[in-house]
Amino acid sequence: MTLDSKIPGGPIEEKWTRYQRDLKLVNPANKRKFDVIVVGTGLGGASAAATLAELGYNVKVFCIQDSPRRAHSIAAQGGINAAKNYKNDGDSVWRLFKDTVKGGDFRAREANVFRLAENSNAIIDLCVAQGVPFGRDYGGQLDNRSFGGAQVSRTFYARGQTGQQLLLGAYQAMSRQIAAGRVKMFPRREMKDLVLVDGRARGIVVRNLLTGALERYAADAVVLATGGYGNVYYLSTNARGSNVSAAWAAYKKGAAFANPCFTQIHPTCIPRHGDLQAKLTLMSESLRNDGRIWVPRQKGDKRPAAQIPEADRYYYLEEKYPSFGNLVPRDVASRNAKEVCDAGMGVGSTGLAVYLDFAEAIGRLGREGVSAKYGNLFEMYQKITGENPYETPMRIFPAIHYTMGGLWVDYDLMSTIPGCFVLGEANFSDHGANRLGASALMQGLSDGYFIIPYTLGGYFAGNKLGKVSTDDPAFAAAEKACAARTEALLKVQGHRTANDFHRELGNLLWENVGMARNKAGLEKALKRIPEIRAEFHADVKVSGTASDFNQNLEAAERVADYLEFAELLTRDALHREESCGGHFREESQTAEGEAKRDDDRFCYVGAWSYQGEGVQPELLKEPLTFENVPLATRSYK
Amino acid sequence: MNFTLKVWRQKDATSKGHFQTLEAKDVSPDLSLLELLDELNEELVLKGEEPVAFDNDCREGICGTCALVVNGQPHGRDYGSTTCQLHMRMFKDGETITIEPFRSAAFPIIKDCVIDRTALEHVIQAGGYVSVNAGAAPDAATIPVPKEDSDRAFAAAACIGCGACVAACPNASAMLFTSAKITHLASLPQGKVEAKRRVRAMVKAMDEEGFGNCTNIRACEAACPKHISAEYIARMNRAFLCASVS
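If you're matching them up, the sequences are chains G and Z in order. As numbered in the numbering used here, residues 1 to 637 make up the first sequence, in order. As numbered in the numbering used here, residues 1 to 246 make up the second sequence, in order.
Hints listed in this document are in silico derivations from the structure and should not be mistaken for laboratory results. Misleading hints may appear alongside valid ones.
[Claimed, not checked] The calculated label-pair distances, taken between Cβ atoms and stated as ranges, are:
id, chain 1, residue 1, chain 2, residue 2, range
1, G, L25, Z, T118, 54 to 60 Å
2, G, A484, Z, G80, 46 to 52 Å
3, G, N30, Z, E148, 43 to 49 Å
4, G, E586, Z, R77, 48 to 54 Å
5, G, Q616, Z, K92, 54 to 60 Å
[Unchecked claim] Computed, partial: chain Z to chain G, Cβ under 8 Å:
id, residue
6, L31
7, V114
8, Y129
9, A153
Backbone N, C-alpha and C define an ideal beta-carbon position, used for all residues, glycine too.
Bound-form chain G, shown alone (with noise of 0.2 Å):
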């Protein structure tokens, strides 16, 4: 197999326009007779199940929650970004274009990364004309932040709960597509596998989760925004539920896995409180515009934050990174908070936390203004930690937030099976190595609101597809397979949890495979992650039957495809000899202990092509060109 990209030609900033004027289109009386299965309901899926519903495609819509508004989407705090240049602060499409190239650390796709700024325009004017309620000023005109990695203020929030308001715009869409009939919702349903006929995506095998019935669903395309493996790790910011399966079972019918190694970890998260805990919350890096953070500069100052004087305060990113000071990418923030908590500056109980201290914008836009911006983020953080952040530091440090990784696609968001598209974080697309803040819910909806439209009918246009019935033999055996899988775990019957076995997989991960990598630990995860899989296999022990609600059986299938999925993530970690990103390897660094790229050998994409059970995967590489962001190394001090 070889990777076309698809790229269309010309000028970068004419690439998509030239591509939507040659696109082959169907005739609008003829979309309805075209059916399209949409897996996942964040703002990928959501968007996009409502745009193509609004075409006049019969949409089928799949998701495990209970409404498809709570998709984890909703809990993204901090923004979207936008290249309105409301501010007249010389913001443009091209300098969004280059912050997000140079933000993922030169490993995204140049075209993919200038369609999203471009289309970032036209999203904020959906979403407010959908009514989502984006912060204001006074004079009632939209206000912008600044983030991480930016020098311009171009993010547009709602409050802390951005993600909340654009996903309940989105499903709010799609809910009037489905009182008008064009959606058909299908709620507590999980992929459990995707249905190939000749060679082209056809439909799904899900798992009815009230009844535990697997069910057949066919159609002309199959759209995964199925979101992130974050949750791979044990313990992420993301929801419970997040999970890496439906994407795994693409990835094992055919469909290629990009770059699984980047992953994203979160600056600014609540520090872990001990084992029993189920998941890690993060605080809004929007945070990082007003918050300082710091840490005491003698190893083992214990004495409580009010009582160190500034003196002996090290503020390390003001003083390391002075022109982004504590606005410095997310993958430089976590990394120097795990190198002065390592040096034995961290604090907390467990030495493994730096401070936010708001004293300073309190002083300078009072309680009130604090508040204003982030009252419900100190609201949260108080409630876990039991800490009041107006009047102490908030103690935060790095967590597994989003995995930039994900199913391989060319332009179109087409995976390497035909008719199968992804979206949103569960593709590789648009975010390189490492992605900047408020820029992954401006890709879920420019993927879902302004790309499938026109690619799916593309797709739909030019090939001829026949009618596709679920009583194909191809779905009979996809789901003989799935039940049998199913079967195998409720019948060991051994002495651990699946849950049990998913922490030793996280803590493994985490320790070898996170913040920073080195061929020892990556080599020693990968012998590893094989021996708890077998374990896994041997015994765990699952309640219940497969005909019923059953909650503990959804997480162990779950479990059993991330100790699958884990060792190509530390596989592709293994081979990238580079630090680049998120993706850091202690092999890789400069003098000062910045990640060093090595684009003479990595400068590609490398997607993992599945060879069956017990093979080695193929790498395909997908080489990367930059012509309009010339190749640099990365420095925001």
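Start from chain G and add chain Z according to the hints.
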């Protein structure tokens, strides 16, 4: 800390339910209530018993999935919290904690503490949106929106659709939920075009789903994890009246 948990068990929608007593020993005060339930579930699985089914997802109070009545109150007694935001330090050592699902005829029980809230979906589908298609929007800066209106829209839009308002209401009314969406959209110029049709359709859907009416008890407001104001119910009633007579 030590606790006795009395947890609602019910095989399915039609079976009779009962409370099961579970003991929790040496619990860290930093643990969340749902983390404690996770742990008790692990023990049940290893003992060969069925774990307690309960819905949850984001564990940070924003997705609206978790829906437990804790010690008689939806989302427990901590004002402005969802169930997943309750931490054991908020309870007294040795306390008996009762845990049951949100109860309302419009929210049938699926299993144990898991409920079906599809009725709320139908209320939104009846009109909880602005009818605009992708591609049809003018520049976002075209219409300035007074900050007070925009702030009110946001405050109302903060609803997470958990259904605690319904569970708290003796009439099982969904008027706080419905009025929050109506207020959100009617506060903005973009939502005003369809305001009359929307309020009529959503109120109708609310009635058809079997939710009761508001008698100004305001238990909904007290139970709401997102501080949604009962003032919106008055706004909705006024809008409904205006829309019905004009």
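We went through each hint and held it up to the structure:
no., hint, verdict
1, L25/G - T118/Z: 54 to 60 Å, "violated, 37 Å"
2, A484/G - G80/Z: 46 to 52 Å, "holds, 47 Å"
3, N30/G - E148/Z: 43 to 49 Å, "holds, 48 Å"
4, E586/G - R77/Z: 48 to 54 Å, "holds, 49 Å"
5, Q616/G - K92/Z: 54 to 60 Å, "holds, 57 Å"
6, L31, "holds, 6 Å"
7, V114, "holds, 7 Å"
8, Y129, "holds, 4 Å"
9, A153, "holds, 4 Å"
The structure fails hint 1 only (numbered hints given earlier).
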